[in-house]
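*Asks:* Residue strings, one per chain:
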Amino acid sequence: MPTLQDDAELITAAQRGDLDAFNALVLRYQNAAYTTAYRLLGEPFSASDAAQEAFINAYRKISEFRGGNFKAWLLRIVTNGVYDRLRYEKRRPADSIEDLPGADSDDGAPLVAHTATPEQASERREAQQVIQDCLGGLPADQRATLVMFDLEDYSYQEVAEGMSVQLGTVKSRLSRARLAMRRCLEGKQELFADVFRFNN
Amino acid sequence: MLTDRDYDLISGYLDDALTDSERAEVESRLLRDTEFAAELTAIRHTITLVKTLPELVAPRDFRLTPEQVSAFTPMQAKSTWTPNFAPRLTRTFLPLMSAAASLILVVVGFLSMFGGGLTPQSLPNMGSVAMLASESAMMDDALVTPPNPAPVSPQAMTTETFPSGFDGADFPMDGTDSRFGSGGGSESGDIFPQLGETDENADGAMMMSVVQPTPSAEVEMAGAARSSNMPPTSTLVISPTATDAESTFSMFESAPTDEDSEAGDTSFDTYAYQATEPAADTMMLRAPSDVITAVTEESAGYDDATAPVIADILTDTATPKRVDDSPERDITPLGGLLLMIGGLGLGLVTALSRFRKSA
Chain Z
1 MPTLQDDAEL ITAAQRGDLD AFNALVLRYQ NAAYTTAYRL LGEPFSASDA
51 AQEAFINAYR KISEFRGGNF KAWLLRIVTN GVYDRLRYEK RRPADSIEDL
101 PGADSDDGAP LVAHTATPEQ ASERREAQQV IQDCLGGLPA DQRATLVMFD
151 LEDYSYQEVA EGMSVQLGTV KSRLSRARLA MRRCLEGKQE LFADVFRFNN
Chain Y
1 MLTDRDYDLI SGYLDDALTD SERAEVESRL LRDTEFAAEL TAIRHTITLV
51 KTLPELVAPR DFRLTPEQVS AFTPMQAKST WTPNFAPRLT RTFLPLMSAA
101 ASLILVVVGF LSMFGGGLTP QSLPNMGSVA MLASESAMMD DALVTPPNPA
151 PVSPQAMTTE TFPSGFDGAD FPMDGTDSRF GSGGGSESGD IFPQLGETDE
201 NADGAMMMSV VQPTPSAEVE MAGAARSSNM PPTSTLVISP TATDAESTFS
251 MFESAPTDED SEAGDTSFDT YAYQATEPAA DTMMLRAPSD VITAVTEESA
301 GYDDATAPVI ADILTDTATP KRVDDSPERD ITPLGGLLLM IGGLGLGLVT
351 ALSRFRKSA
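Each protein sequence line maps, in turn, to chains Z and Y.
If you're matching positions, the first sequence starts at 1 in the numbering used here and goes up one per residue.
If you're matching positions, the second sequence starts at 1 in the numbering used here and goes up one per residue.
By construction, these hints were calculated from the structure, which means they are not laboratory data.
There could be a bad hint or two in this list.
Unchecked claim - Pairwise CB distance ranges (calculated):
1) Y:Ala99 <-> Z:Gly68: 24 to 30 Å
2) Y:Gly342 <-> Z:Asp49: 31 to 37 Å
3) Z:Asp6 <-> Y:Ala99: 58 to 64 Å
4) Z:Gly67 <-> Y:Asp4: 36 to 42 Å
Because the structure is a prediction, the values reported are computed rather than measured.
Even for Gly, the Cβ is constructed at its ideal location relative to N, Cα and C.
All chains should be modelled from the sequences, with the hints used to inform the complete structure.
*Replies:* Laid out in structure tokens, this is it:
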């Protein structure tokens with residue numbers, strides 16, 4: 001498990017132009033970067049492109065990194081890049097959840113990092129796909145707010161800065177996003193195993 | 001039914017982001033409002049479900065390749081390109097040469113814009129002489145009949161000849177030369193009144209002429225007009241009589257302007273002419289159309305024994321083209337403007353370059 005010191009050493013080397021050192025950081029955080037992109041985009045190919053683009057941007061901006069949590073800094077780059085893409089797509093006719101490639105079971109959900117029994121893995125995968133579908137059905141700004149705050153553990157202030165909005169807007173969007181997710185998941189309770197059921 | 005504010009309070013309560021008064025309000029409602037409490041539980045559960053979403057495995061390796069980052073480096077320094085010249089030469093002579101080039105461009109451009117274009121007259125060393133359009137273009141034009149000339153008295157004509165011994169063969173044959181200058185004094189200050197009505201005459205550049213045909217030579221009189229303002233040309237084809245066989249050339253002369261006449265200056269400037277290959281029976285006079293008209297009118301005043309017989313008049317209605325063997329060409333005002341802009345731009349770049357170096 002890499003330590004913060006390890007990251008610092010790699011970051012320092014990367015800031016001197018050491019591509020191998022930066023690629024070591026990529027290997028450590030590429031799953032997190034891809035996951036964030038996938039949660040926001042809901043589609044594996046676009047998420048993969050977004051993650052790659054984020055690493056390129058991170059390499060370009062590595063000299064601007066002033067210490068702290070590199071993962072949080074990297075995921076902010078991912079989120080900002082994806083959020084820009086979502087805002088762009090928001091101006092285009094929106095696809096329904098069913099039309100999204102990620103919503104099609106034939107496309108297959110991305111592999112999870114943790115292993116489980118086949119049955120458990122199937123249940124989790126199904127439940128996670130429902131959650132992902134509900135997430136993908138949110139408006140882009142609400143989805144980004146929810147992912148940043150509830151999945152990436154951003155603070156209100158960090159979300160506000162990342163999305164260039166007021167703090168009150170973040171709270172409002174988060175509240176609306178949670179309510180929409182609650183209603184979406186409530187309508188699909190039968191798909192969850194007992195552990196996921198609301199009425200437990 | 002819960003309101004948006006209720007859900008904001010629930011969300012903030014779950015995030016521990018409420019003020020003390022808001023927290024107290026929520027806790028109070030949880031005790032007495034079951035719907036509010038149920039919604040808070042549902043939202044909390046929703047958050048838990050969302051957080052169960054696992055970290056995914058990247059479908060591929062996102063490590064960067066040297067090719068992907070070849071366009072930039074993290075510590076990329078601002079590169080400054082320096083010409084690969086000797087530093088001393090670059091520092092010392094290049095700015096001076098640039099400044100000189102800039103000055104030349106500006107001056108030439110200025111002259112071109114406000115001096116009527118670069119001409120052999122404005123730049124005498126350029127060594128070019130403007131000529132009219134090619135013979136082929138002239139001869140391809142349709143034959144036209146001149147307008148009925150008003151009879152002109154023979155006494156009104158001025159006769160001018162070249163010194164004896166001069167013949168057409170000594171004239172340039174390649175159309176690259178012409179002669180300017182005085183053709184001799186006038187014997188009469190009585191100028192064709194109709195010529196005075198032309199613009200050229202008003203400028204003092206028009207002429208009257210006497211044709212001395214020769215049976216042994218064909219002479220083309222080329223109206224090589226004053227370089228930049230050339231009138232349309234015509235060619236007068238003359239069948240000469242045999243009574244003046246010793247004459248070997250013809251010439252046109254420019255008539256003095258009214259102002260010149262009033263000042264007592266009745267000398268004529270030879271307008272322009274060009275000898276061509278000798279021919280047997282005809283003579284061709286090529287000159288501005290106005291001049292041809294004047295010659296036609298003159299011929300009406302000759303007696304039968306000496307007057308040339310005008311066979312045809314070939315009118316070149318097209319704007320005369322300048323024929324110039326030298327590489328230099330006239331520079332239009334637009335070209336002058338571009339030269340000035342180029343010169344100023346070069347000077348500005350040079351100045352900025354010096355300023356940045358000194359800074």
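*Asks:* Hint by hint, note whether the structure agrees.
*Replies:* Hints and how they fare:
1. Checked against the hint of 24 to 30 Å, the C-beta distance between Ala99 (chain Y) and Gly68 (chain Z) comes to roughly 54 Å, which is inconsistent with it.
2. The supplied range of 31 to 37 Å is broken by Gly342 (chain Y) and Asp49 (chain Z), whose beta-carbon atoms lie about 47 Å from each other.
3. Between Asp6 (chain Z) and Ala99 (chain Y) the CB atoms are about 59 Å apart, so this pair conforms to the stated range of 58 to 64 Å.
4. Remark: the range hint 36 to 42 Å for Gly67 (chain Z) to Asp4 (chain Y) is upheld by a beta-carbon distance near 40 Å.
In this structure, the earlier hints numbered 1, 2 are contradicted, and the remaining ones agree with it.
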